[in-house]
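Enquirer: Chain residues, written in single-letter form:
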Amino acid sequence: MATIVAEGTGQAILEEHHPQTFLRKYMFSTDHKIIAIQFLIYTLFFLMIGGFLAIMMRYQIAWPDQTLPGGGILPESMVASGYMLPEFYNSLVTMHGSIMVFLAIMPMLVGVYANYLIPLQIGADDMAFPRLNMMSFWLMVPAGLLTLASFFVVGGAASSGWTLYAPLSARPDLSGVELGQIYWLLALVLIGLSSILGSVNYITTVINMRAPGMTWFRMPLTVWALFITAILGLLAMPVLSAAGIMLLFDQTIGTTFFLPEGGGQPLLWQHLFWFFGHPEVYILILPAMGFTSEIIAAGSRKPVFGYHAMVWAIISIAFLGFVVWGHHMFQSGMNPMLGLSFTISTLLIAVPSAIKTFNWMGTMWRGNLHFHTAMLFAVGFVAMFAIGGLSGIFMASTPVDIYIHDTYFIVAHIHYVLFGGSLFALFGAIYYWFPKMFGRMMNEKLGKVHFWLTLIFFNLVFFPMHGVGMAGMMRRIYDSSGYAHLQGIQDTNALITFAALGLYASGFLFAFNFFWSMKKGKKAEANPWNATTLEWQTPSPPMHGNWAETPVVYHGPHEFSHPDVEDKDWLAQNERPDVVSPAGGGH
Amino acid sequence: MRSEFLKKVSVLVAAGAMAACGGGDSGGGDPGGDAGGGEAPAAAQVDPATVGTISGTINFAGDSPAPTAIDMSAEADCAAGYGPDGPMSNNVIAANGRLANVFVHLTGVSGGPAPSGSVQLDQENCRYMPHVLGVQVGQNIEITNSDDLLHNINASPTENRGFNISQPRAGITSNQSFPLAEVMVPVRCDVHGWMQAYIGVVDHPYFGVSGPDGSFTIPNVPAGTYTAEAWHEAYGAMSGSVTVTAGGTATLSFDYSSDMAGAHVPLGEPLVIRHGEHGIEVHRGAQD
Amino acid sequence: MAHAAAATAGRAHERGLDVYTQKVGMWIFLCSEVMFFAGLIGSYIVLRFGASDAWGEPGEVLNVPVTAVNTFILICSSVTMVKAFAAAQEGDQKSIKIYTLATAALGALFLGVQGYEYTELILHSEWQGSHGFTPQAGLYGATFFTMTGFHGFHVFLGVVFLSWASIRAFRGHWGPNNYQGLEVLGLYWHFVDLVWIILFTIVYLI
Amino acid sequence: MDWSLPLNLSTQGVVIDRLFWIIAVLTGVAFILVEAGIIWFSIKYRRRDGQKAHYTHGSKKAEIIWTAVPAVILAVLGIYSGGVWADIRGASALPQDALTFNVVAKQFEWNITYPGSDGRIDTADDFVVRNQFHFPANEPVIVRLESEDVIHSFFVPELRVKQDAVPGMTIPIWFEATGTGEYQIACAELCGLGHYSMDAQVVIHDRADFDAWSAGQAAGN
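Protein chains in written order, with the working numbering: chain A, 43 to 629; chain B, 216 to 503; chain C, 71 to 276; chain D, 278 to 498.
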């Protein structure tokens, strides 16, 4: 048994004794920490691209009768005579969603933080399969290149929405897009493979490589969340891959899986897509919930309120996540009687989300709250995620969904969950774990300015979208001026666009802080937040192999303000209270 | 169509690479070439002593079909551009024994003066102007929207790669071209189901389209004997022979009749109807 | 390998599944493979249920006897895989060589027969009045080639890995202290075999 | 800044709007409780020197309460929604013998087939009008939705009606307008480059006007 475990890790140790080339050390590294940083740079780049696409989109929505500033540098197939063309707008809509979900948020949550945190938080020296781990990053590179290239091929990038509803996505003669769609489907298959390899790695690592004493219910909530997320990815991504391959065949070799002309079923695509798509939503939120729990506990100097309930909430969300996909399809022509069962399962899944929200508040209750930037973002997450969760109740109610389905109300909801939720938590995570990753602190002043600007502009962008949706504005429309019922909200659309510019600009403040701090930030100590989990009990950044000696775990993950510990308000997982404060005695 | 996937992909990849490098797909359009207006500049390169002109009419026997009204009531801006009778279909215009919108081109010829200048295709009051037009391979087609509403231009050729682009407001111009000869390329607007146009793409400059009076002219044809083909969207295609002498004007006429209504007109592959001993014979050009 | 083992010999772990890591990894990977084939098979069921007239009777187009033989070949290869693993545990070097090579060969034979079957179907069969049963021949052809094709791709990957295992066998790599690689490969191979039995049943027999 | 539901003109819109506002009140209360709680805790328990956090791992009682209360509210909401949904879309909800129209969506048009003078669809006197949907108020009407090419979605905001039109399927929906006037059909499902301009005129008449209009159209064809 030992020989098997040693194969990857042993080599890693040997490498330390030899000078490594730049390529081996930073490009084709098998060290989980380097791979996490590669993913971080990659995803931040795509976050910037995805945001830029959104800004172009917003400009068009706010001022449909104006020419696009600087549009002249774009080819005539995107911007003609200065005006953005509807087909390019559709590509923007599609690729904004696709890039944000598959190339920014998901790999940032999982690729970056599952990679970085799982071995460090469970006391392992690396992943179970370091080379598979490297492969999972390098599969994302061609996927990203294909995605970027798809904008510049004849016909432009995919334009059938991120949900790729067939037949539009399968029929180039109807969408005008052929190569772009093929490129994106190929990218999707690569992303799926990368994600599956990653998941195999994370799950195996958590099962088999925990440090002595790290029992299941002593694992930090981040590890729990990432572990369950990996299971969701493992089971959901292959379904998308299978569906994507069938769509690719429809598009290229002339099969008719999703084309009614040949007996195929357009709704089959939707079932397959959402069977993946809804677990995907939880892939995008569960890790964020994990980070938030961790940061709020450390920021409040209190153990997580209801740790076990939090774990069971994660597990039940994951389980229910596989039986709610139909709630995306209430108006799709699916048998209406299925609607009721999906309504019930959807409302059920709101319960664990509510538990988590109240438990975070419970964690803050009677705490000693340190509002560093990471904590601000984590609390911001709870506040914004609550809005996203509550607005979800509207569309879970099937009759109300008749009206708000495919309107901006949905756009508001998804962004409160994915931006107000996932991205807020991710910003928090970046500020929180940056010192561990790079050995330097991020600038707190800039960080706080970034938080407040983000919070204000975020709400100015997405809260009014509820109103726009109530007024009945359809999603993905290029110009709303032709509709009588949308005349009253054009000023709101302009306001949203101004705020979106502010939101995007504040992202650059963050980017500056990030890269500046990487070089010039204040040197970080091993445990700058006085936190309890294992990653803080090794130097910043940790050495190759993570540990000078394997840590032994004695208790749960968030022992803050332990009454038996007198001179400090935290107790690391590898510290025993009777050793830290002998007078206090055992717990 | 789909079985030709590999061929299509290779064309696509090449086209994709072109667009990626060139940053646009304005085709062979020569930016300076617009000055001549696309009418006569070819003549400048031609020695008038060696060329002649083909001129002729498209005759039409039998009852002329009544023009059909287009219901544009849901697009009031367009409907307003027409007189009290309202908009009428312009796909079949046959009057006074003549047939308009027939595309005439020489076959078995290639080369000749290179295309210069652009050909105009306008969208005005929700109709294509002109309804039938001819271009040379690689020649720029300048598509303009004169209506302040959305039109899309959906070209669905079989030999060339199609395009489906849009022009959401007045004043927008797009440029397209076709790299392969194809008679005809159908063009439609999906927003306005009645809007249709046909583009004949040939790899020489010897073509013409019959006007409302049924006449057409093909200038600057080198002396020689040629086969010419006429194409009409409802009455099919037919061919005829013509001999051009230097400096002279050769006459070529085609005789259509109302009996030919409903002839199957495959697009993309030239369909040839000959008046043979046993009545009308139909051949698919591609199989000859 | 010896010094690498020594370097982490003292590494202790909290009790996991009591199974070595590669095996856990393969089990988990196979879970995702189950979902992949579930996606394809589920679509097949939905499409077939929705358009049952587009499907042929068993044996109408597909050559069931040849495929039955092919199924038997694949089952045999699972048996030889088990034998190879048992031989490795016992340290019977000769049997290790014979059985790994036999498994790889049977896998390759399966692919050969499948290739023959595809050629016959595409070039020499009739389906719904047109010549050749191809992926374009309606949903029946599309689902048939997609499912059996992806299964064949999995067999192909298995044969590649089995060839690698055979080379190692001839170098005396496998033995009582080093059988894990064969066991993990065996898991994959049995899974591929199992998927085939399901596919054979629902595609050829029903 | 007109952030409100548009004027409602259908019978089912009444219940949909009522349900919308019920949810709005429930979620509004939850929203205020959560956000106020977060702000209150953030101020009250902010860091102070010498302050030590209260050491607790949770409270079973509190957790049971905040699991049970949302669960009960959501269950009631789910059952109520299910009932309303069954009235609108249930198998037996489709009215018998109602005036029926075929609506065929295609890129980027709505083609409406009218029942003609006999009031029955699928008969010889049916006629088709492009992008104009006329129908009578104060009686249930059925729309049979089909699509020729891609998925579209039939959306009339004032009628609180939305249903995807899926190629290969015929999907019947019904509604009853409570007033007359001119509105628009919008397409709510991305259907290609003309999606945003895939609108059609909706004219709701009283019955006599509708019959007159229909007769006029039939004569014109």
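If you're looking for bench data, these hints aren't it; they were derived computationally from the structure. We put the CB at the ideal spot given by N, CA and C, even for glycine. It is possible that some hints are incorrect.
As the list claims (entries may be wrong) - No farther apart than 25 Å at their CA atoms in a straight line, the calculated lysine to aspartate or glutamate pairs in the DMTMM-like style are these:
| hint | chain 1 | residue 1 | chain 2 | residue 2 |
| --- | --- | --- | --- | --- |
| 1 | D | K383 | D | D426 |
| 2 | D | K383 | B | E448 |
| 3 | C | K164 | C | E253 |
| 4 | D | K321 | A | E486 |
| 5 | D | K383 | A | D609 |
| 6 | D | K383 | A | E591 |
| 7 | D | K329 | A | D611 |
| 8 | D | K329 | A | E486 |
| 9 | D | K329 | A | E608 |
| 10 | D | K383 | B | D278 |
| 11 | D | K383 | A | E608 |
| 12 | A | K565 | A | E591 |
| 13 | A | K610 | D | E459 |
| 14 | D | K383 | B | D292 |
| 15 | D | K329 | A | D606 |
| 16 | D | K337 | A | D521 |
| 17 | D | K329 | A | E567 |
| 18 | C | K153 | C | E84 |
| 19 | A | K490 | D | D374 |
| 20 | A | K487 | D | D326 |
| 21 | D | K383 | B | D286 |
| 22 | D | K383 | B | D470 |
| 23 | D | K383 | B | D362 |
| 24 | A | K75 | C | E103 |
| 25 | D | K383 | B | D363 |
| 26 | D | K329 | A | D215 |
| 27 | D | K329 | A | E591 |
| 28 | D | K321 | A | D620 |
| 29 | A | K490 | D | E312 |
| 30 | A | K487 | A | E608 |
| 31 | A | K564 | A | E486 |
| 32 | D | K321 | A | D215 |
Claimed, not checked - Computed footprint of chain B on chain D, listed as stretches where at least three residues anywhere in the stretch have a Cβ under 8 Å from a Cβ of chain B:
| hint | stretch |
| --- | --- |
| 33 | 365-376 |
| 34 | 471-478 |
Enquirer: For every hint, state whether the structure bears it out.
Expert: Structure-based check of each hint:
For a cut-off of 25 Å, the pair hint linking K383 of chain D to D426 of chain D stands: about 6 Å separates their Cα positions. Under the criterion of a C-alpha separation no larger than 25 Å, the hint pairing K383 of chain D with E448 of chain B is consistent with the structure, at around 24 Å. In summary, the hint linking K164 of chain C to E253 of chain C is supported, as the alpha carbons are separated by about 18 Å, within the 25 Å threshold. The suggested pairing of K321 of chain D with E486 of chain A holds, with an alpha-carbon distance near 22 Å, which does not exceed 25 Å.
At roughly 74 Å between alpha-carbon atoms, K383 of chain D and D609 of chain A are farther apart than 25 Å, so this suggested pair is violated. Distance check on the hinted pair: K383 of chain D and E591 of chain A sit about 68 Å apart at the alpha-carbon level, beyond 25 Å; violated. For the suggested pair K329 of chain D and D611 of chain A, the alpha carbons sit about 8 Å apart, so the restraint of at most 25 Å is met. Between K329 of chain D and E486 of chain A, the direct Cα distance comes to roughly 24 Å. Compliance with the 25 Å bound is thereby established for this hinted pair.
At most 25 Å may separate the alpha-carbon atoms for a hinted pair to count; K329 of chain D and E608 of chain A meet this at roughly 11 Å. Taking the CA atoms of K383 of chain D and D278 of chain B, the gap is about 35 Å. The hint is violated against a cut of 25 Å. A threshold of 25 Å between alpha carbons decides the hint, and for K383 of chain D with E608 of chain A the separation of about 74 Å lies outside it, so the pair is violated. Note on K565 of chain A and E591 of chain A: the hinted pairing holds, with a Cα-Cα distance of about 24 Å set against a maximum of 25 Å.
For a cut-off of 25 Å, the pair hint linking K610 of chain A to E459 of chain D is broken: about 72 Å separates their Cα positions. The hinted pair formed by K383 of chain D and D292 of chain B meets the criterion: a straight-line CA distance of about 22 Å does not exceed 25 Å. Taking the CA atoms of K329 of chain D and D606 of chain A, the gap is about 13 Å. The hint holds against a cut of 25 Å. Only pairs whose Cα atoms come within 25 Å are accepted, and K337 of chain D paired with D521 of chain A is rejected, the gap being roughly 53 Å.
A threshold of 25 Å between alpha carbons decides the hint, and for K329 of chain D with E567 of chain A the separation of about 23 Å falls inside it, so the pair holds. In summary, the hint linking K153 of chain C to E84 of chain C is not supported, as the alpha carbons are separated by about 33 Å, beyond the 25 Å threshold. For a cut-off of 25 Å, the pair hint linking K490 of chain A to D374 of chain D is broken: about 65 Å separates their Cα positions. Annotation: proposed proximity of K487 of chain A to D326 of chain D holds, straight-line Cα distance about 21 Å (limit 25 Å).
A hinted pair counts as satisfied when its Cα atoms are at most 25 Å apart, and K383 of chain D with D286 of chain B qualifies at roughly 17 Å. With a C-alpha separation of about 38 Å, the suggested pairing of K383 of chain D with D470 of chain B is violated against the 25 Å cut-off. Proposed proximity of K383 of chain D and D362 of chain B is supported: the alpha carbons are some 22 Å apart, at most 25 Å. Restraint check for K75 of chain A and E103 of chain C: not satisfied, since their Cα atoms lie roughly 28 Å apart, outside the 25 Å limit.
Restraint check: the Cα-Cα separation between K383 of chain D and D363 of chain B comes to about 22 Å, which is no more than 25 Å; the hinted pair holds. With a CA separation close to 68 Å, the supplied pair K329 of chain D and D215 of chain A exceeds the 25 Å bound. About 32 Å separates the Cα atoms of K329 of chain D and E591 of chain A, which puts this hinted pair outside 25 Å; it is violated. The suggested pairing of K321 of chain D with D620 of chain A is violated, with an alpha-carbon distance near 32 Å, which exceeds 25 Å.
With a C-alpha separation of about 20 Å, the suggested pairing of K490 of chain A with E312 of chain D holds against the 25 Å cut-off. At most 25 Å may separate the alpha-carbon atoms for a hinted pair to count; K487 of chain A and E608 of chain A exceed this at roughly 31 Å. For the given pair, K564 of chain A sits about 10 Å from E486 of chain A by alpha-carbon distance, which is consistent with the 25 Å threshold. Our distance criterion of 25 Å between C-alpha atoms is broken by K321 of chain D and D215 of chain A, whose separation comes to about 62 Å.
Residues of the stretch 365-376 of chain D lying with their CB closer than 8 Å to a CB of chain B number 0, which falls below the three-residue condition for coverage. Counting residues of the stretch 471-478 of chain D whose C-beta sits closer than 8 Å to any C-beta of chain B gives 6, which meets the bar of three, so the coverage hint holds.
Hint compliance for this structure: hints 5, 6, 10, 11, 13, 16, 18, 19, 22, 24, 26, 27, 28, 30, 32 and 33 are not met, and every other hint is.
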